[in-house]
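Heads up: the protein sequence lines correspond to chains A and B, in order. Numbered according to the UniProt record's numbering, the first sequence spans residues 1 to 246. Numbered according to the UniProt record's numbering, the second sequence spans residues 1 to 246.
Source of the hints: derived by calculation from the structure; they are not laboratory data. It is possible that some hints are incorrect.
Copies of one chain are not kept apart here, so a pair can be met inside one copy or by any two copies together.
Straight-line distance between alpha carbons at most 25 Å, and here's what the computed DSS-like set of lysine-lysine pairs gives [unchecked claim]:
{"#": "1", "residue 1": "Lys203", "residue 2": "Lys14"}
{"#": "2", "residue 1": "Lys53", "residue 2": "Lys203"}
{"#": "3", "residue 1": "Lys90", "residue 2": "Lys225"}
{"#": "4", "residue 1": "Lys196", "residue 2": "Lys90"}
{"#": "5", "residue 1": "Lys14", "residue 2": "Lys224"}
{"#": "6", "residue 1": "Lys224", "residue 2": "Lys90"}
{"#": "7", "residue 1": "Lys12", "residue 2": "Lys246"}
{"#": "8", "residue 1": "Lys53", "residue 2": "Lys225"}
{"#": "9", "residue 1": "Lys240", "residue 2": "Lys14"}
{"#": "10", "residue 1": "Lys196", "residue 2": "Lys53"}
{"#": "11", "residue 1": "Lys53", "residue 2": "Lys14"}
{"#": "12", "residue 1": "Lys53", "residue 2": "Lys224"}
{"#": "13", "residue 1": "Lys203", "residue 2": "Lys246"}
{"#": "14", "residue 1": "Lys53", "residue 2": "Lys246"}
{"#": "15", "residue 1": "Lys90", "residue 2": "Lys53"}
{"#": "16", "residue 1": "Lys12", "residue 2": "Lys90"}
{"#": "17", "residue 1": "Lys224", "residue 2": "Lys246"}
{"#": "18", "residue 1": "Lys225", "residue 2": "Lys246"}
{"#": "19", "residue 1": "Lys203", "residue 2": "Lys240"}
{"#": "20", "residue 1": "Lys203", "residue 2": "Lys236"}
{"#": "21", "residue 1": "Lys12", "residue 2": "Lys240"}
{"#": "22", "residue 1": "Lys203", "residue 2": "Lys90"}
{"#": "23", "residue 1": "Lys246", "residue 2": "Lys14"}
{"#": "24", "residue 1": "Lys53", "residue 2": "Lys12"}
Computed from a prediction, not measured in an experiment: that's the story for all the values here.
There are 2 protein chains.
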Amino acid sequence: MDSIRNRRTIRKYKQQDIPAELLNGLLEEAFRASTMGNMQLYSVVVTRDAERKALLAPAHFNQPMVTSAPVVLTFCADFNRFSKWCRQRKAEPGYDNLISFINAASDTLLAVQNFCTLAEDRGLGICYLGTTVYNPDQIIDILHLPELVVPVATITVGYPDECPAQPDRLPLSGIIHEEEYHDYTPEAIDAIYAMKESLPENKHFVEINHTETLAQIFTNIRYKKSDNEFMSEGLKRTLKRQGFDK
Amino acid sequence: MDSIRNRRTIRKYKQQDIPAELLNGLLEEAFRASTMGNMQLYSVVVTRDAERKALLAPAHFNQPMVTSAPVVLTFCADFNRFSKWCRQRKAEPGYDNLISFINAASDTLLAVQNFCTLAEDRGLGICYLGTTVYNPDQIIDILHLPELVVPVATITVGYPDECPAQPDRLPLSGIIHEEEYHDYTPEAIDAIYAMKESLPENKHFVEINHTETLAQIFTNIRYKKSDNEFMSEGLKRTLKRQGFDK
C-alpha cells in the first residue's frame, strides 16, 4: 500500500485523457466499499465536457483543477434511485429526513475514498474538493440533480504533472485515545501542533498573511466563523430543497 | 488492489489480538487520506477492554461483533482539538455549526475507509457499524466525548474466522451518469434491481419475512420511516448537545 503511504494531492495534470474503461473499472471496484444495508446510496456524475467544467468551476471558487483536470467526478448522496425502486415495488420509502442524508453521505464518502485509493494505485492523481458542500445549490442546478440527491464530494482526476512535497500530519498520539477520550491539556495541544507550527512553509504563511499565529490564518482567513455560519444556513436550505428535511 | 476487489464484511473473528504496533501503523497510514485544509478533524477511540465493549454493545443494537472483535474503533468527527489549539493561539474558532460538522465528518469517513482498506490488505477483517449515528448519545457518554466531538462510524476489527459470500452490487450503469444526472425511468429501475431481486438469498428473505417484495423488507422492517424520523430528531439533539448547532 505504498500509494497510500506516499500519497499527495495532485492539482496539476498532464493533457492526457483517462480512458473510459479505466475510469469505469476503478469506479466499479470502488463500489465494493461497505454500504448501509447494501443499498449503495450514491451516484457519480462524470464530467469531461469543457463547457460543463467551466460551469462547475465557480461553485468551487474557480480552483483551476476543475477546468484543467481531464475528469471531474461529483459524488452524490442519492436516495432517489432507491426510493423510486421502493415505489415501483409497493413499498413506501421513508428517507426524506436527516438520518437518511447522513447514511447516504456516509456511503458516498466511503466509495469516494476507495476510488481515490484505487486511482492513485493506478498512477492517477486526485484532488478532493471540499467546496462541494459550500455551494451545493449551484452544483445541483448544473448537474440537474433531482430530489433526494445532494453532492457531497468532488474529485478532480488526471495523470500527475507535479510531485509536491508530502504534507505534514499530526502525531498519531494526538489523534488516538485508548478506551475513552482523554481531553487535551494545554501542554498536549502545544506538543501536538509544535511540528506543524515549526515548518518553514507555515512560518512563511504567517509572515505573508500578517497574522500573529498560524491558527489565526484558519480562523480569520481560510475558515471564518461568518463564512461557516453562512454556509451552514445554505446547507440547511439545500437539505430542505432536496427533500431531506421534510 | 485485490483486497478491495475481493472484499467482504467480516463479522466472525479469531480469538487473536491485534498487536498495538500493527494497529497504530495502520491508523497512521490511514491518516494520509485527504483532509480539509490539513486540519485532520477526527479522533479515534480504541476499545480493547471487554467491559467497555459490553457497554458499547447496546448502542449498536447488541450486534455480536462489538463484544467478539478484539478491537472496536470509534471514529469521531472532532473540532474540539483544533478549537482548543485556536484558543491557545489567540484565534477565535468558529466551528460550532452544521457545515463544520459535515467537514469533520467527511474528514473522518475518508480516514475510516483508508483504514479499512489498509487493514484488509494486511489480512484483517472489518465490519462497518452504521448504528453509530443511531445512538450517538449513548456512545458519547460511554467514551466521554466532549463538545465538538461526535461519533460517526464504528469499525470492528479482527482476524477473519469466516469467509462469507461476496455481496451483490448494482450494475455500474445504474450508478454513474455522464455529464448530468439522467433520472431513472421505470424500465431503468427494473433493470438496475433485477439481479438483486433474482438472487436466491433475497427471494428467501422475502419468503421468511412474509412480504410481497424485497423493497418492503427495507421500508417495513429494516429502515422504517418512523425509525428514521425518530433517529433524525435524536441526531439533531446530539448535534445541539455537542455544540455543532449553536
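So, going through the hints one by one against the coordinates:
no., hint, verdict
1, Lys203 to Lys14, "neither (31 Å within a copy, 49 Å between copies)"
2, Lys53 to Lys203, "neither (35 Å within a copy, 44 Å between copies)"
3, Lys90 to Lys225, "between (46 Å within a copy, 15 Å between copies)"
4, Lys196 to Lys90, "between (56 Å within a copy, 17 Å between copies)"
5, Lys14 to Lys224, "neither (34 Å within a copy, 48 Å between copies)"
6, Lys224 to Lys90, "between (48 Å within a copy, 14 Å between copies)"
7, Lys12 to Lys246, "neither (42 Å within a copy, 39 Å between copies)"
8, Lys53 to Lys225, "neither (29 Å within a copy, 38 Å between copies)"
9, Lys240 to Lys14, "neither (40 Å within a copy, 46 Å between copies)"
10, Lys196 to Lys53, "neither (35 Å within a copy, 35 Å between copies)"
11, Lys53 to Lys14, "within (17 Å within a copy, 50 Å between copies)"
12, Lys53 to Lys224, "neither (27 Å within a copy, 39 Å between copies)"
13, Lys203 to Lys246, "neither (48 Å within a copy, 33 Å between copies)"
14, Lys53 to Lys246, "neither (32 Å within a copy, 36 Å between copies)"
15, Lys90 to Lys53, "neither (39 Å within a copy, 40 Å between copies)"
16, Lys12 to Lys90, "neither (49 Å within a copy, 35 Å between copies)"
17, Lys224 to Lys246, "between (30 Å within a copy, 15 Å between copies)"
18, Lys225 to Lys246, "between (28 Å within a copy, 12 Å between copies)"
19, Lys203 to Lys240, "neither (42 Å within a copy, 36 Å between copies)"
20, Lys203 to Lys236, "neither (37 Å within a copy, 39 Å between copies)"
21, Lys12 to Lys240, "neither (36 Å within a copy, 40 Å between copies)"
22, Lys203 to Lys90, "between (62 Å within a copy, 16 Å between copies)"
23, Lys246 to Lys14, "neither (45 Å within a copy, 45 Å between copies)"
24, Lys53 to Lys12, "within (16 Å within a copy, 46 Å between copies)"
When the structure is compared with the earlier hints, violations turn up for hints 1, 2, 5, 7, 8, 9, 10, 12, 13, 14, 15, 16, 19, 20, 21 and 23 and for no others.
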